[in-house]
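Asker: With the hints as your guide, set chain P onto chain F.
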Amino acid sequence: MAIGQKGDLIISGHGKSGGGSFERVIINGHGVIHGDITARVVVINGISKMHASVYAEEMEINGHSKNEGRVTFRKMEINGKASFLNSIEGKELQLNGMVKIEGDCEVENAELNGGFTIEGLLNADTIAISLSGRSTVKEIGGETISVKRDKQSFLQLDKLFSILNKELTADMIEGDVIELENTIAKTVRGKHVHIGPGCQIDLVEYREDIRISEEADVKKSVKI
Amino acid sequence: MDETLISKKDLLEETNITYGQLYRWKRKKLIPEDWFIRKSTFTGQETFFPREKILERVNRIKELKEDLSLDELANAFSPSTKDIELSKGDFEKHNIVSKNTMQIYEEQQGTLKTITFQTALYLYILDKALETGEIGWEEGKQLTQTLSDYYPKLEQTHASVVVLRKLGVASVLLVTNASPFFVDSKTKVAVHLKIEDVINEVINVFVRSGY
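Respectively, the protein sequence lines represent chains F and P.
Sequential numbering from 132 applies to the first sequence in the numbering used here.
Sequential numbering from 2 applies to the second sequence in the numbering used here.
Excised from the complex, chain F in its bound form (with noise of 0.2 Å):
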């Protein structure tokens, strides 16, 4: 292999690469690429589509990503829409529209403003979410987790259509503090629990304290 300084991939309007070790990997337009990617930092304006997995320090995709591998990374934000037929892994996890997520998201921070599906776990320290659409995650697992709206929309409207409704499904959300608003949860389990309004669940276990708002739906609750 030879050594020495690592190039960059740049395609600028429609373009495909087999992959490789790069220093960027910048696509702006449309990109597709068929093999492993190990870069310092990729950037996607446009749309890409990856078909194997992509290891990058940092990673921005504002617009359209679809990522068929692995994906590593240390800090990563989408701006727009993304999708991952596998698990994902990292440190930072910021989002800012939509994401679907097949595999499990594992990383230490993440912040998902917007709209998301994971098939998995979500398993992070620290997870805020602010919902403004519909999301689902099979699981969600960490310290500090909490879950909140975002500002009221215009004229309501979700009350109206149901597809803009604004809120979170899982089947079980485990953690040490957990907050909680527009949830609807087969499970809560947690050591500091507050379910705020909008909150459908069907069993609340906590440890230390809960707190259960009037405009919230619990079922059941046991102290452990």
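Keep in mind the hints are simulated off the structure, nothing from the lab.
Remember, predicted model here, so these are calculated numbers, not experimental data.
For every residue, glycine included, the Cβ atom is placed at its ideal position computed from N, Cα and C.
Every clue listed holds true.
Listed next, with one range per pair, are the computed distances between beta-carbon atoms:
no.	chain 1	residue 1	chain 2	residue 2	range
1	P	Y151	F	G160	42 to 48 Å
2	P	E53	F	H323	28 to 34 Å
3	P	L65	F	D333	34 to 40 Å
4	P	N205	F	N227	44 to 50 Å
5	F	G144	P	R52	57 to 63 Å
6	P	E135	F	I355	46 to 52 Å
Answerer: Quick look at chain P alone, frame taken from chain F:
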């Protein structure tokens, strides 16, 4: 699978750890994925763990985390303990494997100068297999060959080494633990070692010897 299980709830209570810690350790792969056993209970989905394994692991993490960072810990628990390398002299000094084992291995793979974790693992497996008295010199070589050819290709550690014997002829298998296996009545399972257990033993030996 008759191991006694412990629920996540009881585990947290018994070991006094938090959800955050448990999930963090899971993320750092300090706790193997297949220890998380999901079961439906009358209160909904619950996660269970193999009781003894998880208690031992959690206690060990708690002990070690005072002087190691989580990432260092992850290295200590993952089988890719690649940094370990010691000289043959040092290795022999600790009597980790018998002289015979060393000899068989060297005859097959050439003389060793230094011993990496991987080599130590092969040696240890070979040693254990020989210790059972079920396999001989030639079969030991067969075992070594199989391990060094195929084990690196196996990405997971949850595998077993099996030596089958039928009518005096031995075959060496390397299988993943995902499913049990069955053999016909004339075939004898001479050796069955879980690599994961062996790895733990090797790590223990190394830790005890101060590496």
